[in-house]
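Undergrad: Heads up: the protein sequence lines correspond to chains A and B, in order. Reminder that position 452 of the first sequence reads as 452 in the numbering used here, one-by-one numbering, no gaps. Reminder that position 123 of the second sequence reads as 123 in the numbering used here, one-by-one numbering, no gaps.
Everything labelled a hint here was simulated from the structure, so no lab data went into it. Check the hints yourself; a few may be wrong.
Unchecked claim - Facing chain B, a subset of chain A residues (Cβ under 7 angstroms, in silico): (1) Lys31; (2) Gly71; (3) Lys72; (4) Ala467; (5) Ile469.
For every residue, glycine included, the Cβ atom is placed at its ideal position computed from N, Cα and C.
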Amino acid sequence: MAENSGTDPAVETNTEENAAASATIIKVTVKTPKDKEEIAIAEDSSVAQFKEEISKRFKAKQDQLVLIFAGKILKDGDTLGQHDDLLLGGSSQTSASSGPGPSQGNTAGTANPSPAGNLGTPQGSGPSPTPTQPPNVLAGFGDLSGLSNLGMGSANFMELQQQMQRQLMSNPEMLSQIMENPLVQSMMSNPDLMRQMIVANPQMQQLMERNPEISHMLNNPELMRQTMELARNPAMMQEMMRNQDRALSNLESIPGGYNALRRMYTDIQEPMFSAAREQFGNNPFSALGGNTDNSGVQPSRTENREPLPNPWGPPDASAATTTTASGTATTTSSTTSSTTPSVSNPLGISSSSLGNGMFNSPGMQSLMQQISENPQLMQNMLSAPYMRTMMQSLAQNPDIASQVARPSFPKQQLMQQMLQMFAGGNALTQTPEVRFQQQLEQLSAMGFINREANLQALIATGGDINAAIERLLGSQPS
Amino acid sequence: MTTFLKLNFNTVIVPHTVTRHYQLIATGKFDTGVKVPRNFRLLEELEEGQKGVGDGTVSWGLEDDEDMTLTRWTGMIIGPARTNYENRIYSLKVECGPKYPEVPPTVRFVTKISMNGINNSNGMVDARSIPILAKWQNSYSIKVVLQELRRLMMSKENMKLPQPPEGQTYSN
Numbered sequence: 001m002a003e004n005s006g007t008d009p010a011v012e013t014n015t016e017e018n019a020a021a022s023a024t025i026i027k028v029t030v031k032t033p034k035d036k037e038e039i040a041i042a043e044d045s046s047v048a049q050f051k052e053e054i055s056k057r058f059k060a061k062q063d064q065l066v067l068i069f070a071g072k073i074l075k076d077g078d079t080l081g082q083h084d085d086l087l088l089g090g091s092s093q094t095s096a097s098s099g100p101g102p103s104q105g106n107t108a109g110t111a112n113p114s115p116a117g118n119l120g121t122p123q124g125s126g127p128s129p130t131p132t133q134p135p136n137v138l139a140g141f142g143d144l145s146g147l148s149n150l151g152m153g154s155a156n157f158m159e160l161q162q163q164m165q166r167q168l169m170s171n172p173e174m175l176s177q178i179m180e181n182p183l184v185q186s187m188m189s190n191p192d193l194m195r196q197m198i199v200a201n202p203q204m205q206q207l208m209e210r211n212p213e214i215s216h217m218l219n220n221p222e223l224m225r226q227t228m229e230l231a232r233n234p235a236m237m238q239e240m241m242r243n244q245d246r247a248l249s250n251l252e253s254i255p256g257g258y259n260a261l262r263r264m265y266t267d268i269q270e271p272m273f274s275a276a277r278e279q280f281g282n283n284p285f286s287a288l289g290g291n292t293d294n295s296g297v298q299p300s301r302t303e304n305r306e307p308l309p310n311p312w313g314p315p316d317a318s319a320a321t322t323t324t325a326s327g328t329a330t331t332t333s334s335t336t337s338s339t340t341p342s343v344s345n346p347l348g349i350s351s352s353s354l355g356n357g358m359f360n361s362p363g364m365q366s367l368m369q370q371i372s373e374n375p376q377l378m379q380n381m382l383s384a385p386y387m388r389t390m391m392q393s394l395a396q397n398p399d400i401a402s403q404v405a406r407p408s409f410p411k412q413q414l415m416q417q418m419l420q421m422f423a424g425g426n427a428l429t430q431t432p433e434v435r436f437q438q439q440l441e442q443l444s445a446m447g448f449i450n451r452e453a454n455l456q457a458l459i460a461t462g463g464d465i466n467a468a469i470e471r472l473l474g475s476q477p478s
Numbered sequence: 001m002t003t004f005l006k007l008n009f010n011t012v013i014v015p016h017t018v019t020r021h022y023q024l025i026a027t028g029k030f031d032t033g034v035k036v037p038r039n040f041r042l043l044e045e046l047e048e049g050q051k052g053v054g055d056g057t058v059s060w061g062l063e064d065d066e067d068m069t070l071t072r073w074t075g076m077i078i079g080p081a082r083t084n085y086e087n088r089i090y091s092l093k094v095e096c097g098p099k100y101p102e103v104p105p106t107v108r109f110v111t112k113i114s115m116n117g118i119n120n121s122n123g124m125v126d127a128r129s130i131p132i133l134a135k136w137q138n139s140y141s142i143k144v145v146l147q148e149l150r151r152l153m154m155s156k157e158n159m160k161l162p163q164p165p166e167g168q169t170y171s172n
């Protein structure tokens, strides 16, 4: 979309009549050999209209004007918008002959019949160069004058951008500085703009092709707005992520929940990550894959060698998290150890400060680094508010959870279900006792009278009665 | 406008603070001692061309805005007063090869011109006849080349040369 986000609200009213065919007025610096002026003109006006303005301002005949910009002659038929550089703060040069102009040069077929000449020349005023031209007169426009330093906007210099990205991302302070910049914030508060930007990123486009959920997500304006709020406010974002992690850990405790999560992860998240990974050229989950060899039924016991992280600890330690883009079960916990630093959240805000076993795998870290280097992706991956409520409702609704976990569940339907759950609202998460009510009764009916121990076992095994029994038997011979 | 936004798509939103960070690296202002990478140099020249530094009698810019190699440039020279080039606008093509700025660019006129050192049939600027091209230094730039050509138009040997009718271009 070709529009300045910084439309100039306080339009310098053109002293002459306005050329405002649209609301976007730009100010262009026009230099002639004699002097220089700023002319405000609507962005979408044609060169001819621009020349009209100039001719009035400089008191020269319009058809004697030749506009030159960046080595090219501006043709009457063009619009100013075609010359992006002009809009970005270029200045154009004019030459006009006000004296006895020589015959019309017949420039073959261009819409530019006027003879060129130095304004100063026919009037014989000394050397043509104007002596006192300040060197860098940027025609800033509106709020974006600062950005015209970008200058190089007329070309797409990938390597340069990558370099800048890297510098940027390697310095997290810079990131927060950037976020605080009011300009950035104002850009972010424009959901359409954000969406356009995200969508136009070729990497994102690939991602979107593979995972239509992402495009759903992007199409949801409410979500985008929330996401942008989050992006603007890093503190809020961290808070959000912490909540997510807590919700996730709750999820694990429901009966069958762990398996559900695991399946969710393998079904959905791995393809997601492979898709994302392809762009980042790394497979962090190969390392994970090796670690996730669990016996299925009692995963938490056999594999979890790492101490569970303190979910209420400092966010760094708990590997601040964001969810991956697809709204689907990206917040599945890691299949191995910890629940809190979920695997779904490879994007640490500070990827360097990840605590846990899984995250220390070099693959994982490099993924995180790469993703954090691509902040666009990071933004997309913030479906935080969405996911949090979803997970909470998931947690209290084990039926849906197990349904969700069915491997055969196609992704789309999964997404819809999640959406329904989300719509279904937040309820409180129940205590383990309440959740395992049924199991506890069964256990006590079988003769396990130690309710405490039962509860512990159930929690440890995620509500799996058989596993709980084994556990209980293992610890209490007889 | 797409270009402006494109820049942002691929990077994060880049406010001017970050750009200046980059510019700090690139600014060496064409020192001969420092070897500035080609692209940085050309980007600076691009920026200057757009901002219109100088006296406004020469102009230059990329021939194709999407050219990421920054190789092909167009230039314009306004014929100096009191010469036979007066009131004319000369269009040129400048090509900055991969070794630029260590080697001079190739320059050729598009608009027909009669001038020493310019090939009459195709407008190529003969690097040996133009002093700064012959004795090129890497602190020179496209702007310098254009300005030098313009200066040469004012030299005694050139200023009175009869010129072809206006508006003609070389056919290649």
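Undergrad: Would you check whether Lys72 of chain A satisfies its interface hint, that is, whether its CB is within less than 7 angstroms of any CB in chain B?
TA: holds (6 angstroms)
Undergrad: Can the hint on Ile469 of chain A be confirmed by a CB-to-CB distance to chain B that is less than 7 angstroms?
TA: violated (54 angstroms)
Undergrad: Taking 7 angstroms as the limit, does the beta-carbon of Gly71 of chain A come near enough to a beta-carbon in chain B?
TA: holds (4 angstroms)
Undergrad: Hint validation: Lys31 of chain A versus chain B, beta carbon distance must be below 7 angstroms. Holds or violated?
TA: holds (4 angstroms)
Undergrad: Please verify that hint: Ala467 of chain A, Cβ, nearest Cβ of chain B, below 7 angstroms or not.
TA: violated (47 angstroms)
Comparing the model with each earlier hint shows violations of hints 4 and 5; every other hint is respected.
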